[in-house]
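A.B. asks: Next come the chains, spelled out residue by residue.
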Amino acid sequence: MIKIVGKDALETWVDEVIARMRTYGVQAKGDHFSFESLRRAADLRLDYDVTILPPKKYLQPPRETLLRFSGAVEYESVFDEDPFVIFGIHPYDLEAILQMDAIFEKDQRDEHYLRRRSKAVLVACDVETVSENVFAGCMGTAYLESGFDILITKIDGGDYVVDIQTDAGRSIADSLKSAKDANKKALAARREVWNKNKARLRRHKLEVPLEELPALLEAGYEHPIWEERAQRCYSCGSCNLVCPTCYCFDVRDDVGWDLKHGVRARVWDGCLLAGFAEVAGGHNFRRNRADRYRHRYYRKGKYLPEMIGKTACVGCGRCITACTAKIANPVEVYNALLEEKDDH
Amino acid sequence: MSKPKVAIFDFACCEGCQLQIVNMEEEILDLLELVEPVEWREAMSDKSENYDIAIVEGAITRPEDEERLKKIRERAKVLIALGACATHGGINKLKNNFPEGEPERYVYGDAAGMPHLASGRVKAVDEVVPVDVKVFGCPIDNREFAAIVKSLVMGQKPFIPNYSVCVECKMKGNVCRYEYGEICLGPVIRAGCDARCPSKGAACYGCRGFVDDPNVNAAFDVMEKYGKTVEDLRSKLELFGSGQEYSDGKNG
Numbered sequence: 000m001i002k003i004v005g006k007d008a009l010e011t012w013v014d015e016v017i018a019r020m021r022t023y024g025v026q027a028k029g030d031h032f033s034f035e036s037l038r039r040a041a042d043l044r045l046d047y048d049v050t051i052l053p054p055k056k057y058l059q060p061p062r063e064t065l066l067r068f069s070g071a072v073e074y075e076s077v078f079d080e081d082p083f084v085i086f087g088i089h090p091y092d093l094e095a096i097l098q099m100d101a102i103f104e105k106d107q108r109d110e111h112y113l114r115r116r117s118k119a120v121l122v123a124c125d126v127e128t129v130s131e132n133v134f135a136g137c138m139g140t141a142y143l144e145s146g147f148d149i150l151i152t153k154i155d156g157g158d159y160v161v162d163i164q165t166d167a168g169r170s171i172a173d174s175l176k177s178a179k180d181a182n183k184k185a186l187a188a189r190r191e192v193w194n195k196n197k198a199r200l201r202r203h204k205l206e207v208p209l210e211e212l213p214a215l216l217e218a219g220y221e222h223p224i225w226e227e228r229a230q231r232c233y234s235c236g237s238c239n240l241v242c243p244t245c246y247c248f249d250v251r252d253d254v255g256w257d258l259k260h261g262v263r264a265r266v267w268d269g270c271l272l273a274g275f276a277e278v279a280g281g282h283n284f285r286r287n288r289a290d291r292y293r294h295r296y297y298r299k300g301k302y303l304p305e306m307i308g309k310t311a312c313v314g315c316g317r318c319i320t321a322c323t324a325k326i327a328n329p330v331e332v333y334n335a336l337l338e339e340k341d342d343h
Numbered sequence: 000m001s002k003p004k005v006a007i008f009d010f011a012c013c014e015g016c017q018l019q020i021v022n023m024e025e026e027i028l029d030l031l032e033l034v035e036p037v038e039w040r041e042a043m044s045d046k047s048e049n050y051d052i053a054i055v056e057g058a059i060t061r062p063e064d065e066e067r068l069k070k071i072r073e074r075a076k077v078l079i080a081l082g083a084c085a086t087h088g089g090i091n092k093l094k095n096n097f098p099e100g101e102p103e104r105y106v107y108g109d110a111a112g113m114p115h116l117a118s119g120r121v122k123a124v125d126e127v128v129p130v131d132v133k134v135f136g137c138p139i140d141n142r143e144f145a146a147i148v149k150s151l152v153m154g155q156k157p158f159i160p161n162y163s164v165c166v167e168c169k170m171k172g173n174v175c176r177y178e179y180g181e182i183c184l185g186p187v188i189r190a191g192c193d194a195r196c197p198s199k200g201a202a203c204y205g206c207r208g209f210v211d212d213p214n215v216n217a218a219f220d221v222m223e224k225y226g227k228t229v230e231d232l233r234s235k236l237e238l239f240g241s242g243q244e245y246s247d248g249k250n251g
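The listed protein sequences correspond, in order, to chains A and B.
Taking numbering that gives the first Met the number 0, I'd label the letters of the first sequence as residues 0 to 343.
Taking numbering that gives the first Met the number 0, I'd label the letters of the second sequence as residues 0 to 251.
These are computed hints drawn from the structure, not numbers from a lab.
Every clue listed holds true.
Distance windows between CB atoms, simulated:
no. : chain 1 : residue 1 : chain 2 : residue 2 : range
1   : A       : Glu104    : B       : Asp193    : 27 to 35 Å
2   : A       : Asp253    : B       : Asp131    : 18 to 26 Å
3   : B       : Asn22     : A       : Lys197    : 52 to 60 Å
4   : A       : Glu73     : B       : Ser198    : 31 to 39 Å
5   : B       : Ser234    : A       : Leu258    : 42 to 50 Å
6   : A       : Leu113    : B       : Asp193    : 23 to 31 Å
7   : B       : Lys46     : A       : Leu113    : 55 to 63 Å
8   : A       : Lys6      : B       : Ser198    : 29 to 37 Å
9   : A       : Ser117    : B       : Glu26     : 36 to 44 Å
10  : B       : Asp220    : A       : Asp173    : 52 to 60 Å
11  : A       : Ser117    : B       : Ser198    : 31 to 39 Å
12  : A       : Val72     : B       : Lys46     : 42 to 50 Å
From the three backbone atoms N, C-alpha and C, an ideal C-beta is built for every residue, glycine too.
All chains, please: the whole structure from these sequences, using the hints.
C.D. replies: Following this line, the structure appears as structure tokens:
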């Protein structure tokens, strides 16, 4: 069902959801925005530009207990299956979650992720304010017509089109049943928002057609840009850690004082970090900074597309902002590979 | 194996890192289940020359301290350097930026020549004897200290991050200090503090020292982008970074 509601009705509904279950939503945090626990609808800021961290942090927390052990071989797996709602996911971040779903379902199913994910209700919203470095318009993620449980779009005139597509969405939207159905005019207004966003979410302009990216990377393995840019790379991993599609993790044990009981947790990792590809004996598959730097762009533009059929950069632009050395703009990197090719 | 005997010794420092161990409060009792302290000036009156693990706090500034440290090393199976003064020389090493004797004359004036004030160049513990484990920070993080002790007792290699403060800072959802025009040393400094300072709105001073291969040259480049100078950065690097070496960013 697709409804149209005013701001007051929208807030009434959000407050009802908050009263019923664990709810997260985008809120102001100083002069930035952040997904945080939502206590009242009035705090929800659907007009935000971009959040500091993507909503990934609720689906793959920065530190997550996988199991509790009570000896050398005795353990009990830990799963988080408490239902929750996230309000205000921009389409590019939603696309990132859909990609994580595909990755964690592939091959060895990741039960920790998937069970938590199965209890999540994702309420997306279309972008109202263009952030400093967003380029979702170039990545096909400026808007999505499906993949969410509910999508909220503020249309011209100030009303909200609320598109409820799944059972999970319907389960939290009872009170919207009596709201007016969105008419053709409202849907046309939403289409206009989508078209506009596709055109304006392009702070950086990717010159490479997405389908040509894997081949371009294939040819660019020895391109000088990797070495040039890596000279200025701290290997601090900031680009990884703010990325909505980075999902790599390290696994660590935290043992209690009895040296017997403890927890095994996974913690966010990043392929730019020096120890990422280090293995027993001190061997390191990507010891050089430039190798690690290149790897990130290959992951996003080649390896993951080959694995899940989608470019694993969604154009949120967070890495561009987070990189103090200003070398992490994927658009600059991919465009540079294209220029080099044209020169020959 | 029976409980390892532990002795804690302090050299030139404020003893704040030992205090962090005392600050473990009720967990001290758990700690004492694992190890047996035999000498620890800040917390007990006993003394001993028989120990397995020596924990050394403070920087080394006098020849007699070097001798004492070497004896400690001979007696200990494992030597732990505790805190920034021990691991890097700490803020004591600022002294090495001046001609010998000048800091003493500046601070003590005519009394600078008194024998009890005599001290030389500041050294980190590993500039005098080999160190097995370094517990970084000014002061140390007692949770990290606890994890290191547990690892050692279990015969495992302790987990000590070799990634920058940015990792923990980003995980906490902080806004980068550079966005506010501040010079933060986070990108080149070893994590493990849970990004304590940036999380409270203060730039990183670098008390845990550089990561293994810090790209400090990149930092010099970055200064320009944020309207800062190389001198601004150097002055930040001095407080805890004096005498520390860093790579030229060309390798590794």
